[in-house]
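**Q** If you want the building blocks of each chain, they are given just below.
4 protein chains.
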Amino acid sequence: MSALNVALIGYGFMGKAHSNAYAQVGHFFPQLTKVRRKVVCGRGHAGLQALAHAWGWEETETDWRRVIERSDVDVVDVCTPNYLHAEIAIAAAEAGKMVLCEKPLANTLAEAEAMVAAAAGVPTFVWFNYRRVPAVEFAARLLAQERIGRVYQYRSQYLQQWGPDPNRPNNWKMSKRTAGSGVNGDLNSHLLDMAMMLLGPIREVSATMETFLPEKPDPSKPGQTYRIDIDDAVLVQARFASGTLGSFEASRFATGFQNDNSFVAHGESGMLEFHFEDLNHLTYADMSGEPDLRGRRKVLAPATGPQANPHFWKPGHPIGYEHTFIKSLADFLAGIDVGEPARPTFEDGLAVQRVLDAVERSARERRWIETGA
Amino acid sequence: MSALNVALIGYGFMGKAHSNAYAQVGHFFPQLTKVRRKVVCGRGHAGLQALAHAWGWEETETDWRRVIERSDVDVVDVCTPNYLHAEIAIAAAEAGKMVLCEKPLANTLAEAEAMVAAAAGVPTFVWFNYRRVPAVEFAARLLAQERIGRVYQYRSQYLQQWGPDPNRPNNWKMSKRTAGSGVNGDLNSHLLDMAMMLLGPIREVSATMETFLPEKPDPSKPGQTYRIDIDDAVLVQARFASGTLGSFEASRFATGFQNDNSFVAHGESGMLEFHFEDLNHLTYADMSGEPDLRGRRKVLAPATGPQANPHFWKPGHPIGYEHTFIKSLADFLAGIDVGEPARPTFEDGLAVQRVLDAVERSARERRWIETGA
Amino acid sequence: MSALNVALIGYGFMGKAHSNAYAQVGHFFPQLTKVRRKVVCGRGHAGLQALAHAWGWEETETDWRRVIERSDVDVVDVCTPNYLHAEIAIAAAEAGKMVLCEKPLANTLAEAEAMVAAAAGVPTFVWFNYRRVPAVEFAARLLAQERIGRVYQYRSQYLQQWGPDPNRPNNWKMSKRTAGSGVNGDLNSHLLDMAMMLLGPIREVSATMETFLPEKPDPSKPGQTYRIDIDDAVLVQARFASGTLGSFEASRFATGFQNDNSFVAHGESGMLEFHFEDLNHLTYADMSGEPDLRGRRKVLAPATGPQANPHFWKPGHPIGYEHTFIKSLADFLAGIDVGEPARPTFEDGLAVQRVLDAVERSARERRWIETGA
Amino acid sequence: MSALNVALIGYGFMGKAHSNAYAQVGHFFPQLTKVRRKVVCGRGHAGLQALAHAWGWEETETDWRRVIERSDVDVVDVCTPNYLHAEIAIAAAEAGKMVLCEKPLANTLAEAEAMVAAAAGVPTFVWFNYRRVPAVEFAARLLAQERIGRVYQYRSQYLQQWGPDPNRPNNWKMSKRTAGSGVNGDLNSHLLDMAMMLLGPIREVSATMETFLPEKPDPSKPGQTYRIDIDDAVLVQARFASGTLGSFEASRFATGFQNDNSFVAHGESGMLEFHFEDLNHLTYADMSGEPDLRGRRKVLAPATGPQANPHFWKPGHPIGYEHTFIKSLADFLAGIDVGEPARPTFEDGLAVQRVLDAVERSARERRWIETGA
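Those protein sequences? They're chains A, B, C and D, same order as listed. Throughout the first sequence, residue numbering follows my numbering, covering 462 to 834 in sequence. Throughout the second sequence, residue numbering follows my numbering, covering 462 to 834 in sequence. Throughout the third sequence, residue numbering follows my numbering, covering 462 to 834 in sequence. Throughout the fourth sequence, residue numbering follows my numbering, covering 462 to 834 in sequence.
Worth flagging that the hints you see were computed from the coordinates, not collected in a lab. You can take every hint at face value.
Copies of the same chain look alike in the list, so a pair counts if it works inside one copy or between any two.
In the BS3-like style, the derived pairs of lysine-lysine whose C-alpha atoms are separated by at most 25 Å in a straight line are: (1) Lys-682 x Lys-637; (2) Lys-634 x Lys-682; (3) Lys-634 x Lys-775; (4) Lys-634 x Lys-677; (5) Lys-775 x Lys-677; (6) Lys-677 x Lys-637.
Every value quoted in this text rests on a predicted model; they were computed, and no experiment measured them.
Go ahead and model the full structure; you've got the sequences and the hints to work with.
**A** Here it is as structure tokens:
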């Protein structure tokens, strides 16, 4: 296959992370189909030009509809604010493009369903990048190998602390209209995708959502405040179809923690623990080994033995945040090459959206809600 | 006041922990009223004699009723299996004795209420020892000084791993009749007592309880099993009267963790974190300090400056599990000496029991339950 | 054997630590010969009386010579400033007493040799308490079992931070006359004793000693300073007779660390690491296990399987500083009971003193010095 | 300035790390002079082609002399085995090229001196990449700001574990002829460069070097062994010109540690600690703050406040190994742009080489050696 021409819609922090993935994937994975940074699209002139210049996008565009109409675009990558995902992705899919979309898939369950329907005939992908951390991929392999046996409990947290910061400007993430939700879609969606990748579907949830500061001073308008209608924290109790008992917690008010996405899986013959703050290690406890020498051990990930997958550098040479995007893209391209779609597809994104929706309903109705899975 | 004569009812692991406290309190707190290890009472002959011999109890007794009738006994300390707490404590209180009781206060809320009623006229105390860890006492002082401001979220976990162990013998802790509950009373009660000591009453809860292995092989009867009717794990979402959002988790199936009682409090100007696995430190993050140098720091506890309270050894010379009992007893005796009861009293134990009861009802009815606090 | 009557010479911080050991050893080790806190001796009236009162010493005495003359004293325990060790211990041994002595054994090598000679006929013991930390005892067992194979390197550090503190009063530890040396005798002696217990004799050393602040303000005499003629830090490179390469570092100027006594042993098939700041764990890495799952693991110590030795409490219930003294005394008493002296004896203390002496000479002469071992 | 044409000599692991830097520097630092991956040179056909293909080098070449003769090459980057550094770098400098060279600068002090002499007229750079870790750069700023005051002690270790691995093939790193030395040049050189960048020149050293396994089985020739004439471990005691006392340790036999490059600086008003295993954090202790709340804190680096330098991603989004090379190159290019050479230049590499040489002499002569600095 000749190189795929990519159109990137959006040029914020995610635009940079995706640009890097497009620039780097061919270096670390030279055997895959090539990608060409064809056009980047956005409405803010200066920022758009800066991104295009720094990251080598061949052209810029300000109207996403024109991008989608171009016959020389093969792939549309949506990293706009959440409320635009559905409209753009559906249009792109209907134009026959491959569609990659930032997470969460959509603002609402209805939108997500429409996206899946519209994209039935094209390759799709959702950028739940954290499941591509080597330590998380390693945990998935160990679970598949039944190294820790039946998983009794799974506990997962995404802790950030910028919520109370009075200097933080208001932006699209602070409004239900543009973001769909607060931490539920922004952070909890990552936790749920990882959990379901590792342990399968979630059957039911019982959740609480909280807005700690419904009104905040607006740092750009001295003396004025702005209202916040999204959730600052969410707590979830869950039961997986497998019988595992789950608990999830996502917060932007978790002072002391900058960006800690973590999980612990307690299995009958072992434990696995991951923290994004220490992404190059997976913590493992072996309950089947010599009792005197049991303990939680920090294992280098990627692994250093037969299971090693040093796509990037040798073990002991840490990788970082950006590599999760490069590996996501590599897997997407490999899926195209072999005709088997890489996950998470839009279907997987919809499965997450169903749980996000159940979480919201549970919090509102103060009772357990079944996800339908 | 002359020395108080103590009668200890029960001689298991807690009997040893309490015996040590009686033996040591006068050494580390020589200014307090003395205690005399007068009589220890229990039904197992050899174990009882061994405890009495090792720890210097002057006499042994096999019938707790006779102990309570003795006029030369001032203090009755109940550390029997849970189902006997109420009967013994009520009888002791009615006989005018000071009464100390192991946690949880009772098997049921009704029993706890009867105990409080019966003990209205005597000094009482519940051995929630973990609130006496120096790091926890230090956290309480920092919270009272408003060092971390409004507390948005509080997360607390008690993780043990012996649940799936096939070699673990059946005992009174595995039956609802004798233990009242599983981890809810055994572990979650500790979490709730610490939480309410630090942050005040809990207004409502939403809980899940789980029994992972309702039937287990009986290691003492090859080929046979025994049934388990208590909870192996409990998850709780909670709202404090203060507005803090809480989450609690207690488990005996948390493989990888031997005995980790922990909490994190996220406040607007700081964070506090404690782990019993590392009991000589309190982790603190200061959100008001220089942004470039923010970070979670492990502070030696007891503190090393003006707030230092080196009851035991100098800072940097770790204390252990047993010191929480010695300090509990010291505070009880100091309360007697000044006529102001040390906490947790039976009233405090009842407040915990109300939450434990709400947790059980919530798990059963699958909805939020108010505690009445 | 009837109870041994103990005379304690000295009543400072070590006097308290030893008093606790005498009070507690019979509780945790009831099968051993009993000890009786007969008499405590010292020159400071109020402090002496306070210690005697708190810890139940039957009598007090102000002249150590009278104590040694008493026929009702079986054991003399020396915890005076270092410069008095030799004189008192020799007199006690010549009077036929069992002699226990705080570390380092003596101010000089010559004194230590005289002490060994004088005490040839009586049981002796040196309070190198850190080798009795359960995690260190566990490490010794693992080394004896050749779990980590040939030990290539051993690295050990004792880090304290009070050196630069301007509020710290001058005391006997700050003068060569009374203390013999600074960190070499005070801290490095502990490291050397542990190292030689674990790995055998040290053959040669190359060392550096440093006094960072030879003159300090005297907090008790405003405007005045006092001179310091002892070492604030010592660095040692060493070769063990076994071929292991060693490095040692002791400092009172290691800001950031209150009292961290640590070692790491790198063996061909594994690694062991210990930190007194986390004394209830031993860190272990297994180089012979599955390569993919290698990692440093924190193992609970005392162990929780067949090698468990829960003299004190169950695994997961931490012990502290004081238990190292209780276990030292228990082993001393057990040695008496079976007629096989517990180590470290005065001979072992002399072996440490030989290395301390070689370290001083090496630092002075700026070359490698053989210890004679 | 138009783009600089780069010739890369060498195509091993370092060739990949440098290729990535050339590919990425313009993305993260778009304001700098551009670099063009013109030609990569090496003798192994397949590996060379693979690197060129993956990383987009325009041409390949097998003779480095021809590369240097090319008028369209502006920059020569030497990442061959050590023994070729001098010859190639000198020839390149004499041809008027800018010269970048992998570390250590040379096999011997004489070679390093010749390189500095030959390159006097051209921009030079040594790839001591670890000093570009954001946490290390942050430590340097804090030291320059005198945040921790006078530095009493500095302790630095580089721990690797592959030495005893019987499956490790023999290569140029295992021979004095091709590598110059073992861990001294390979690992200790990194430690020394970081130390001197942070604290200034080292005046004298006392060192020990050890070869644990002078003969090893050759995995590629069953039944045969190969001899090793380089050092497996090196220990150094050092005095800086500033008066700081230093200790260094580098080893390939430090089982349990994959690639841990670390330092601790103990200053009168604070401590700084870094571990490459956790490269996105700098540990800091503030001795000037409130005594009760002192503790070692893990600070996110790059910093999150006014000192933040998020060249790559936002704080909380970890960077990895490769970014140290990108930042090295960016600084080199910025130096070219402003006419002020970035450090470490060849002069700085020579200063390290002087200490490496003194270390070797000290180990051989078993005495302190002055470095001449």
